[in-house]
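So the protein lines, in turn, are chains H and V. Just so we're aligned, residue 1 is where the first sequence starts under our numbering, counting upward by one. Just so we're aligned, residue 1 is where the second sequence starts under our numbering, counting upward by one.
For the record, the hints were derived by calculation from the structure and aren't laboratory data. Glycine is no exception: its CB is placed at the ideal position from the N, C-alpha and C atoms. Some clues are possibly wrong.
To be verified - Which bits of chain V does chain H cover? Going by a derived footprint, with three or more residues having C-beta under 8 Å, they are:
id, stretch
1, 11-19
2, 36-45
3, 160-167
Stated by the list, open to error - Computed cross-link-like contacts, BS3-like style, restricted to lysine-lysine with a CA-CA straight-line distance of at most 27 Å:
id, chain 1, residue 1, chain 2, residue 2
4, V, Lys256, V, Lys204
5, V, Lys55, V, Lys9
6, V, Lys55, H, Lys384
7, V, Lys7, H, Lys368
8, V, Lys149, V, Lys170
9, H, Lys89, H, Lys112
10, V, Lys9, H, Lys368
11, V, Lys175, H, Lys112
12, H, Lys264, H, Lys206
13, V, Lys115, H, Lys384
14, V, Lys44, H, Lys384
15, H, Lys168, H, Lys112
16, V, Lys9, V, Lys76
17, H, Lys168, H, Lys89
18, V, Lys44, V, Lys76
19, V, Lys221, V, Lys85
20, V, Lys256, V, Lys175
21, V, Lys214, V, Lys204
22, V, Lys170, H, Lys112
23, H, Lys250, H, Lys230
24, V, Lys76, V, Lys7
Claimed, not checked - Partner residues are not named here, just some residues of chain V that face chain H (Cβ under 10 Å, in silico):
id, residue
25, Tyr4
26, Phe56
27, Phe59
Listed here are the chains, written in short residue letters.
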Amino acid sequence: MRTVYLDNNATTRVAPEVLEEMLPFFSDLYGNPSSMHSFGGQVARHINEARARVAALIGAEPDEIIFTSCGTESDNTAVLSALAVNPEKRHIVTSRVEHPAVKVLCENLVEKGYRVTALGVDSSGNIDMDEYERSLTLDTAVVSLMWANNETGAIFPVEEAALLAREKGILFHTDAVQAVGKIPINMKGNGLSMLSFSGHKLHAPKGIGVLYVRRGTRFSPFMIGGHQEKSRRGGTENTPGIAGIGRACKLAGERIEEENTRVKELRDRLEREIATRVSNIRINGGKALRLPNTTNISFEFVEGEGILLLMDEFGICASSGSACTSGSLQPSHVLRAMGVPFTMAHGSVRFSLSTYSTDEDVDLVIEKLPPIIARLREMSPYWKEGSVCAAE
Amino acid sequence: MWEYNDKVKEHFLHPRNAGEIENPDGMAEVGSIACGDALKLTFKLDENKRIVDAKFKTFGCASAIASSSALTEMMKGKTVEEATKITNQDIADYLGGLPPEKMHCSVLGQEALEKAVENYRGTASPKKEGQIVCECFGVTDKEIQRAVKENHLTTVEEVTNYTKSGGGCKNCHEKIQELIDAVYIQPIEEAQPAKSTRLTNIQKIRLIEETLDKEIRPSLKHDGGDIELVDIIGNRVLVATRGACAVCQASQQTLKGFVEWKLRELVSPELVVEEVAQ
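Build the full structure now, drawing on both the sequences and the hints.
The following block contains the structure:
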């Protein structure tokens with residue numbers, strides 16, 4: 001059975017070009033880049049090249065790039081660094097729809113005595129900029145807002161928000177794990193202090209992340225150890241991962257236009273066709289400015305896990321924000337923050353495409369999904385033909 | 001991804017008895033859309049008062065649908081009296097087991113069956129008994145204690161797996177722990193009716209052996225464990241744990257909270273259970 005992989009916000013396939021770039025570091029180029037001999041030194045040159053490629057994708061300088069192990073490590077490093085360099089400040093501003101890497105960290109910081117303002121969102125997933133501005137105080141050490149939401153693809157106006165923070169001397173971090181490679185990002189001239197992203201969301205392997213720290217931003221390391229990454233992140237470099245993410249960033253730069261044209265059109269067609277074939281649905285975040293590859297569709301009166309398992313029978317891979325699939329007993333915190341009614345929240349399915357997605361992939365979903373929804377609704381005690389839709 | 005066994009998957013992919021019986025003899029609706037699973041159960045009796053047909057409509061995950069399918073299959077052919085003996089564990093066993101986090105799906109089935117029988121007998125009470133403990137999922141103290149007793153639950157996490165209570169805001173975790181404690185640590189006076197006549201040593205030993213055999217081992221074996229009586233010295237009952245108990249981190253709690261409590265209740269309030277390595 002062919003795998004129809006439409007879960008690229010969870011992780012992506014490693015691009016063949018990326019794998020090829022990495023392989024020598026598992027064999028011939030095993031040297032330690034910190035070594036004095038030229039055998040190790042040649043590896044350092046490859047790391048420099050990768051750093052330049054990563055910087056180029058987001059309009060940064062190479063010395064603003066720190067390699068980490070994953071997006072979560074970058075997020076943790078950024079927020080904790082901001083608090084460490086502002087020991088007198090005890091307030092953090094974030095949102096209610098952040099990834100757990102920021103959300104749970106902030107919840108832990110509350111227990112350590114910090115005050116956290118978690119901004120709410122409207123039904124489209126947007127924050128209220130006036131409310132945001134009012135939340136910034138003299139006591140605020142850092143703002144951490146995601147650039148794009150992993151579940152709905154909704155994009156926050158982080159550049160505008162960062163400028164407001166900078167005026168008040170507040171450090172601004174963004175979790176851009178879902179945004180980098182999907183929408184153009186240029187760090188020159190925006191007010192962001194720190195930005196996190198991860199390799200495995202843009203066709204590099206798992207185990208490599210990036211933290212951008214703007215020149216002149218005070219910084220306190222999270223991983224303490226050797227002098228690697230200019231003493232900002234101790235630990236021997238993940239040389240294959242770094243070479244891989246360098247190549248992946250170069251590829252992402254070359255493909256970003258395709259992502260915003262062909263992939264976006266595929267996503268739009270998927271949404272459109274599902275909407276004409278299935279009643280009582282809601283596109284979560286559909287009215288927001290969104291990533292080109294993501295759609296989050298709620299099917300009223302059915303539960304997401306069933307949809308995923310029935311699609312699995314056809315090799316279709318997607319995600320759901322239902323309670324049964326969220327690892328807790330409540331539906332996704334993002335959909336709850338958006339006020340999505342329970343009749344809809346439990347039946348949400350996220351499809352996230354990539355430049356590897358094809359017309360055939362989308363055709364298969366359009367063919368298989370409507371009967372799956374009909375079948376589950378037939379079994380649902382809440383479903384009646386012609387039910388009034390709870391969507392706005 | 002949940003690790004569903006083939007039987008659960010089969011009942012999810014090909015559910016038996018999906019639908020609704022018109023003019024049923026008994027029916028019930030349990031759960032709610034807010035909680036993420038809900039089940040509408042209907043059944044019909046034949047002239048001999050046996051359940052001739054049962055149907056379900058379920059909103060919920062794969063294991064909720066599979067549990068509903070299993071329940072309706074199990075009900076058919078039974079009298080109402082026989083059907084009421086089906087427990088949530090029976091439903092899980094019928095399916096060859098459910099992941100621990102999904103046991104609440106089998107509890108939902110049992111609850112629907114009880115409510116449908118109450119509806120048939122005309123004894124349905126409109127209100128839930130007891131005090132709501134978990135506000136997120138509307139679970140009462142009575143429901144939690146019943147699940148603890150019937151399934152020998154010892155941790156808050158297990159209670160959440162079986163009843164969903166405590167799975168939301170977590171504010172009730174302390175209260176749930178208190179309810180668990182109350183089940184295992186009952187006041188000795190209460191649990192000790194008219195057994196205080198003095199026993200001879202031989203009587204005591206026999207009674208301890210009998211209690212271990214009839215009251216304690218079946219429960220432990222249910223969870224894959226066992227217990228062996230090593231010696232009795234005065235009021236000290238020396239035992240060794242076997243099977244799953246020997247490697248279980250909660251075995252101390254089981255020994256004190258369950259084994260000792262049972263022995264004190266049924267033999268003598270002065271007994272102390274001690275574990276010896278064997």
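Checked hints:
1. For the stretch 11-19 of chain V, the stated coverage by chain H holds: 4 residues have a C-beta nearer than 8 Å to a C-beta of that chain, and at least 3 were required.
2. Figure legend: the stretch 36-45 of chain V, annotated as covered by chain H; annotation consistent (5 residues with Cβ-Cβ distances under 8 Å, at least 3 required).
3. Restraint check on the stretch 160-167 of chain V versus chain H: 3 residues with Cβ-Cβ distances below 8 Å, three needed, restraint holds.
4. With a C-alpha separation of about 19 Å, the suggested pairing of Lys256 of chain V with Lys204 of chain V holds against the 27 Å cut-off.
5. Between Lys55 of chain V and Lys9 of chain V, the direct Cα distance comes to roughly 19 Å. Compliance with the 27 Å bound is thereby established for this hinted pair.
6. For the hint linking Lys55 of chain V to Lys384 of chain H, the alpha-carbon distance of about 17 Å falls within 27 Å, and the restraint holds.
7. Taking the CA atoms of Lys7 of chain V and Lys368 of chain H, the gap is near 24 Å; set against the 27 Å cutoff, the hint holds.
8. At roughly 22 Å between alpha-carbon atoms, Lys149 of chain V and Lys170 of chain V fall within 27 Å of each other, so this suggested pair holds.
9. A distance of roughly 13 Å separates the Cα atoms of Lys89 of chain H and Lys112 of chain H; the hinted pair therefore holds under the 27 Å criterion.
10. In summary, the hint linking Lys9 of chain V to Lys368 of chain H is supported, as the alpha carbons are separated by about 19 Å, within the 27 Å threshold.
11. Only pairs whose Cα atoms come within 27 Å are accepted, and Lys175 of chain V paired with Lys112 of chain H is accepted, the gap being roughly 24 Å.
12. Proximity of Lys264 of chain H to Lys206 of chain H is assessed by CA-CA distance (about 25 Å); at most 27 Å being required, the pair is judged to hold.
13. Distance hint between Lys115 of chain V and Lys384 of chain H is fulfilled; the C-alpha atoms sit about 23 Å from each other, no more than 27 Å.
14. Restraint check for Lys44 of chain V and Lys384 of chain H: satisfied, since their Cα atoms lie roughly 23 Å apart, inside the 27 Å limit.
15. The hinted pair formed by Lys168 of chain H and Lys112 of chain H meets the criterion: a straight-line CA distance of about 25 Å does not exceed 27 Å.
16. Note on Lys9 of chain V and Lys76 of chain V: the hinted pairing holds, with a Cα-Cα distance of about 21 Å set against a maximum of 27 Å.
17. The suggested pairing of Lys168 of chain H with Lys89 of chain H holds, with an alpha-carbon distance near 13 Å, which does not exceed 27 Å.
18. Restraint check: the Cα-Cα separation between Lys44 of chain V and Lys76 of chain V comes to about 9 Å, which is no more than 27 Å; the hinted pair holds.
19. This hinted pair checks out: Lys221 of chain V and Lys85 of chain V have alpha carbons roughly 20 Å apart, not beyond 27 Å.
20. Restraint check: the Cα-Cα separation between Lys256 of chain V and Lys175 of chain V comes to about 21 Å, which is no more than 27 Å; the hinted pair holds.
21. The suggested pairing of Lys214 of chain V with Lys204 of chain V holds, with an alpha-carbon distance near 15 Å, which does not exceed 27 Å.
22. The hinted pair formed by Lys170 of chain V and Lys112 of chain H meets the criterion: a straight-line CA distance of about 19 Å does not exceed 27 Å.
23. With a C-alpha separation of about 24 Å, the suggested pairing of Lys250 of chain H with Lys230 of chain H holds against the 27 Å cut-off.
24. Our distance criterion of 27 Å between C-alpha atoms is met by Lys76 of chain V and Lys7 of chain V, whose separation comes to about 19 Å.
25. Of the supplied interface hints, the one on Tyr4 of chain V holds, with its beta-carbon coming within about 8 Å of a beta-carbon of chain H, less than 10 Å.
26. The beta carbon of Phe56 of chain V is positioned within 10 Å of a beta carbon in chain H (closest approach about 8 Å), and the interface hint is therefore held.
27. With its C-beta approaching chain H no nearer than about 5 Å, Phe59 of chain V sits inside the 10 Å limit, and its interface hint holds.
Of the numbered hints given earlier, the model fails none.
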